[in-house]
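Student: Chains as they are written, first to last, in numbering that gives the first Met the number 0: chain A, 0 to 443; chain B, 0 to 479; chain C, 0 to 278.
Treat the hints as calculated values from the structure; they're not laboratory data. Fair warning: this is a prediction, and the values are worked out from it, not measured in the lab. It is possible that some hints are incorrect.
Claimed, not checked - Sample of chain C residues facing chain B (criterion: CB under 10 Å; computed from the structure):
no., residue
1, Ile80
2, Arg99
3, Pro107
4, Ile194
All residues carry an ideal CB built from backbone N, CA and C; glycine is no exception.
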Amino acid sequence: MSNLVDVGVYRSDVIRRNTRARWMQNIYFSTLIIAIIVLLLLLFSIINQTFGYVAISQEIKAEQLSDRPLAELQPTELATILLEQTPRLLLVMVRDNLSAVPVDQFTSTPLRDGINGTVPDDLADLTPRDLSGDTGPAAYARLLGDNLSSAQLVALIEVNVLKVEIEQSWTLVESLTQREEIEASVAATEDQEDLVFYSWLNNRLLTQRNSQRVEEAGIGPALAGTFYLLIMTVAISLPLGVGAAIYLEEYAQESFLNRLLETNIRNLAGVPSIIYGMLGLTVFVNTLSFITQGRSILSGALTLSLLILPIIITNSREALRAVPSTIREASYGLGATKWQTVSRQILPAALPGVLTGLILGVSRAIGETAPLIVIGATNSISTFPDSPFSRFSVLPFTIYNWSSQPDAAFKNASSAAIIVLLVLLLIINSAAIFFRNRAISKRV
Amino acid sequence: MASEQAKPVPSSAVLALGDRSEAGLKGQSRPGEAVIQAVLMACGLVSVLTTVGIIVVLFSQTILFFQSRAWLAARQPVAQEVSLATTANSIDAAATELSISYSDETRVFQANQNIQVGDEIMTVVDRPRGRLVVQRAQFGTEAFDHPAGTEIFPMADLAARTVDVMTEDDLDVTVSEGFGGLFSIGQEIKLGPEVMRVVDIDGDVLAVERAIDSLPAPHGANSTVEVEDRPSLVEFFTSTVWQPISGQFGIIPLVTATMLTSLVAMCVAVPLGMSTAIYLAEYATPRVKGTIKPILEILAGVPTVVYGFFALTFITPSLRTLFFGDNINFTNMLAAGLAMGILITPLISSMCEDAISAVPRALREASYGLGATKLETTIQVVLPAAVSGISAALIIGLSRAVGETMIVALASGAGPNFTFNLLASAETMTGHIARISSGDLSYGSIDYVSIFAVGATLFVITFGLNVLSGYIASRLRERY
Amino acid sequence: MMPNTQTNPSAIPARPNAIEIKKVDIYYGSYRAVHDVNIDIHDRKISAFIGPSGCGKSTVLRAINRMNDLVIGARLEGEIIFQGRNLYGADIDPVEVRRRIGMVFQKPNPFPKSIYDNVAYGPRLLGIKDKATLDEIVESSLKRAALWDEVKNDLKKSGMALSGGQQQRLCIARTIAVEPEVILMDEPCSALDPISTQRIEELMLELVDQYTIVIVTHNMQQAQRVSDYTAFFSIRRTEDEATGKDTRWGELVEFEQTDQLFSRPAKKETADYISGRFG
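Chain A with its partners taken away, still in its complex shape (with noise of 0.2 Å):
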C-alpha cells in the first residue's frame, strides 16, 4: 500500500495522466474543427464549380449583327435581327415560347386563342396553317418583338443565330491561379474560341427550360415546380399533421390505440424516404391514378406530405404542450367545449411552435429527391407546370439529372442550381428562426 502514498511517484504521475487528458482534449477540439473544415469545403467546392472561365465559340458575332450591344436593343430590333437570320425557325420559337395549347393543336387554332400574350388584330383569327407562306416569318416576328422581353430575344439569338457554345469550362480557382496556361490553350485551338469568365448563376440559368445543351439549360419549370410541390405539400400536410397533434394532445386518454399512433410516428420518421417513393408509386400513381392522373405533382405532393407528417405532428405537439395549462382552465371554466377551447386558444397560442415546425419539414421536403425519382420526376418535360395535374420537375431532381450528365460542363450548371438551393433553404430556414424568437419572446 506505500505506493499510494508515496507521493514522488505519484506526482509525476499525476503529471503523465494530465497530460493524455490535455491531448485528448485537443483531439476532441480538432474534430469541430474539422466539422467546419468541411462545411468551408462543401461551400468551397460549389462555389469553385458555379464561377470560372468557360471557352465559347460562335458562327456568328453579335457585332456583325448590330453597332450596338444587343442588350441595349429594343425587343422589335431584335425580332427584326430574328428574322433576317433565321426566318425558318420563327414558327417554332413562337410555338415554344408562346403557345397557349398543347403542341399538336397549336397549328390549327387561331392565334387570338393559341397564343399567351397579345395578338394584333389583322393576325387574330389566322392560325398559324394560313401563315404557311412567305408571310409567315414576318408575322411571328411581331408576335415575337411584342410579347417577349428583350433579355429572351437575346437568347433566343444567342441559341439560333450566334450558336453559342461552351466548349470548355474551368473552375474558379483554375481560372485565378492558371490564367495563361487556360488563355494559352484557348489560343491554340483551331476553332475561333473566346475565353469569357462566366458565372453559371445567371438570369437564363433561373427562367429558362431545361434543354440538352448546356448553353440552353435552365431550371424555370423545376423552381416552379418545387414552389408548386410545396404549397400543395403545405395545404395537404398542415391540416393533417396539425389535427394528429391536436388529437394526441388534448382528446386522447391512454389508450392502446394512441400508443399505438406514438410508436407508429416514430417508426415512420426512421423510414428511408426512398421507401416513401413506392408507397407513392403504387398508392398515388397507379392505384389511384384516376384521381391524381399518375405521374403528377398531385402524387408527388401527396407522397412528400406523408414523409413530412411525423415532423410536423411531432413539432406540433411540442408546440401544444408548451401551451400553458391555465389558459385551458381559464377557457373551460368559462364553459367552452374542448373545441371552443382548442380552436379559440390553444391553437393561437401554439402557432409559432407549430410553423417552426412546419418550415422544418417544409425544408425537409424541399431537398428530398428520392422519392421524387421514384414517383416520376422528369426533366425531358420542359414545360411550365399549369396545374395539379402536370408531370413535373422539381430543383434537386435537375442537380441529380445534371450531376450525372456526363458533359462536365453541366456539373458548373448543376453547382450553380445547387446555389439556388441553399439560398432557398437558407431563407426558409431564417424563417423558422423568425418564428422561434418571435414564439419565445411572447412567452417571456
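Here the structure of chain A is known, so what remains is to put chains B and C in place on it, guided by the hints.
Tutor: Coordinates of chains B and C only, in the frame set by chain A:
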C-alpha cells in the same frame, strides 16, 4: 347562491348568455364536437395507414415478384464474328471501366449487352461517351488483364432451338450445338405449349419426360426451347448476380454495396460524431457550443443530393489526386461512404450529446472527488453510463446510412457489382431502386416488382435497426 | 483495524491543523457567495459546518478539495493551506488535491458498475493493476466502511442495487480506497433513514482515528453527536438603496469546540439558531 345577493341581471343579458333553467344543466349531445373529434382522430390514423400502406405495398409486390412465373427462351450469349471496337488502354482484372478506341462507337453497345474481350465475357452496365462501364467475369469466365487494342466482340443472346422434328413419342430433344450446358436434370422445359422435364443430359441431347401438364404434341425443327424463370428465395439471398431482366435475382451484390458504403460512413461518423459530442457535452463553454451547434445543424440540413454532388465532384477527384490515382473509379463506394459519413455525423453527435448530458452530474463529481482527471471521468464513468443512449444513436446513424439514396445514386455507381473493393463502383439497394425507377417503369413488369423486393429488404433492415435502437434507448430510461 | 491499512506515521509530519482556511471569499461569476471565512480544521478530528440553507457551508466545503473548479465562473480569493501549501497556488494540481482530500456527497452516487469496480475505480486510476493488490484494497476499504460483511458474497452485484445506506457506505469505502488524508462529507445522511444515519455516524467516529473529517449537516443533533468542532455559518444581506437590489452572502459566525458552541455560544445569532429561534 351568490346570484341572490347580486342585482337582477337584465333579461336581455340572460337571453344572450343562454338558458338558466335546470334542464340546461343536463348532459347535452354535441354532435359538432363529436364530429371534430372523429376528424382529428382520422388525421392521426393517416400515419397508421401510412405504415400499413408501406408494409402492404412492399410485401404484396414482393410476393408478386416471387410468384412471377415466366417461360423465357433458354439463351446463351454467343460472340459475333465482327468486332465493334478495340480497347484504347490496357485494363487490369479489377477495373470496371474500359475506354474504347472510337468514342462514338459506344452507341452501338447497349446497356445489359454482353461483350467478349479476349477470353472474358463482360456485361455492359453503362456507356458514357468513350467508355464502357462493365461487370467483369460473367458467365463463368474469369477476369483477366487485357492489353490495349484487344478487340471487343458484341455477343448476341441466342436462344436454344431444337435441331430435329419431334413426334409425340420421341423422348430425346436435341438442342443447338453448345447449348446443352444450359439445362440441368430435373428442370422443366417448354416446347410450344408442352411442358417436359429433363431426366438426363448427354452433350446437346436431352432425355425428357413428356407432357407434364398437357398432352404430348409434335414439334417442328428449330422450335425455341424455353425454361421456367422464377426467382426463388434461396436464389434471392444467395446468388451474387442481380439482373432481373435476364433472370438473375441475387440481392447480395446490392446488400454488400450498401453495407460497405454504410461501413465507411460509420468509420467517419462514429469517431467524429462521438468526439464532437464529448467535446460539446463535457468541455465546451456556452460560447463554443453556440458556434458549433449551428454549423452542425447546417451540415445536417444540407440536402443529400448536394452531398452526392460533393462526393462526385470534390471527394472522388481529391482522392484520385491525393491517394489512389487511376485505381479509383469515377464513381466509387469510398467517396460515397465518406460523404454519407459527413451527413450522419451531426445526427450521431447530437444524439450522443443528449445521451452524455443525461448522465447525472453526481457521477461525474464522484469521479472527480476521487482524483480522476476529466479524461478519466469521461472515458471510465460518463461514457459507460451513457452507453445505451450512445449505442441507440449509432444504430440510428447506421439505419440512416443504409436508407440514404441520393449520395450513393450519384457517387457510388450504376450497376450491381459484387465486390469488396471500395475503390470500385457498385450499386447499393437504394441506388438501384432510384436508377431503375428513374426510367419509365411499366406497372407489373419484372423490373417494377423487383425493386419492391429490394425495397422490402431495405425496409426490413432499417426497421429492424430502428426498433433495436428504440429498445436500447428505453433501457436507458429505466436505469436512472 | 488491519495493521497494513495504517499509513506509516513517519510519512505524515505532525501538525496541529490539517487545513487552514484563511480569509476566503468565493465568487460565482460576479456574485460573492461567501465572504471572509477563517477556520483552522484540526487534524484527526471531526469538524461540522452548520447553518441555514444558502449560508455557503457547502460552498466552503467544496472549495477545500477544489470541486468548485468544475463550476464555470467559480473563483476563490484568500488561501486554503494544506500541508503547508496553498491549495489554490499556481503549482497545485486539483486532481492531486482531490485524491488527498476525498469527498462523500449528499446523495449516494455509486457508479453504475459492480461493487468491486466501484471501490477499485480510484486505485486503478492510480495505476494499480495487480489483481491481488486490488482485492486487498477492496476488502480492507469495505471493511473499514463496515460494509464488507453485507456484500462480501456478491461483489459483482451492481452498486446501484444496494439500499441507500449501503450505497452511502460504498461511497465512503470508494473514497478511503485511495487513501486520502481528509474526508469531506456533504450532508451524507440527508437522504437516509434514521438507522442508516446511525450507522454512518458510528462509521465516522471509527474513521476519525485515521482521517480528518469535515461534515456539512443540516441536523444540529448530528453535529452535536459526532463532531469535535463546529463552525456556524449565517447569511448576511444588504439592500442597495439606489437600485433596491438585495445582495446576500454567507459568512462564518463562530468556530468553536462543539460542546462549547452548543452550551455557551459566544454570539447571540448562534444562540438563536441552535435554540431554533431562527433559520
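Student: All hints, please: hold or fail.
Tutor: Results for each hint:
1. Violation of the interface hint for C/Ile80 is found here, the shortest Cβ-Cβ separation to chain B being roughly 20 Å, above the 10 Å cut-off.
2. Because the closest C-beta pair between C/Arg99 and chain B is about 8 Å apart, less than 10 Å, the hint holds.
3. This hint holds: C/Pro107 has a C-beta 9 Å from the nearest C-beta of chain B, less than the 10 Å allowed.
4. The interface hint given for C/Ile194 is broken, as the beta carbon of that residue sits about 23 Å from the closest beta carbon of chain B, more than 10 Å.
Checked against the numbered hints given earlier, the structure breaks hints 1 and 4 and satisfies all the rest.
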